[in-house]
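**Q** Please work from the sequences and hints to get the whole structure.
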Amino acid sequence: MRILLILAHPDPNSLNHAIAAAARQTLEQNGHEVLFHDLHAEGFDPLLPAGEIPRGATLPGDVARHCEEAAQADGLIIVHPNWWGMPPAILAGWVDRVMRPGTAYEFVGEDGGEGVPVGLLKADKAIVLNTSNTEAGREETVFGDPLERIWKDCVFGLCGVADVTRRMFRIVCTSTAQERREWLDETARIVAETFPPEA
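Letter 3 of the sequence shown, counting from 1, is numbered 3 in UniProt numbering, and no numbers are missing.
Simulated from the structure, these hints should not be mistaken for laboratory data. Misleading hints may appear alongside valid ones.
Stated by the list, open to error - Here are the computed distance ranges between Cβ atoms for each label pair:
1) Pro46 / Glu106: 36 to 44 Å
2) Asp111 / Arg180: 28 to 36 Å
3) Pro49 / Arg189: 20 to 28 Å
4) Pro117 / Ala177: 39 to 47 Å
5) Asp185 / Gly102: 37 to 45 Å
6) Glu182 / Thr134: 18 to 26 Å
7) Glu114 / Arg138: 31 to 39 Å
8) Arg149 / Ala57: 45 to 53 Å
9) Thr174 / Gly112: 48 to 56 Å
Yeah, the Cβ is synthetic: ideal placement off N, Cα and C, and Gly gets one too.
**A** This is how it looks when you write it as structure tokens:
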């Protein structure tokens, strides 16, 4: 399988980078082709220019490549921290520029954009791996777990990916080395269960 793995964290020494590395290693061990992008290391520009908004717009080479990879991927993995209940700006911009009409979704028939689109992504499974310093009960009761809604409903659900596994590792700022090792082991298990070895 061809799996698109997107990492959005500026610190190469972060737990997010270690999580992405564990996911990538597991995928490769299971015989999958990994399309990996560290958005910060690559200098991905998250700003959506007005000229890119229309369907069929001419896209810069790197954005066009991301769109093609997203469209052709058999599965997706997104790794990022919880910042203000949102993905980091660079990842939000990646969604703006890559999860676009004609690539990830399409309005059909007489629908001019006011209705519910049809998802176009080939992938039927996605994993979202997050880190947080917010206690689980507070996240759910005070904030309503916005990342759950963003990824499962607003992004992947709309783009046709129905099977979304999400795991939040917390609380990172007080975590021990042992806890982090266990989180990386859990990452490997989740990835292996979702994308098992090629037959």
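**Q** Of all the hints given earlier, name the ones this structure violates by number, lowest first.
**A** 1, 2, 3, 8
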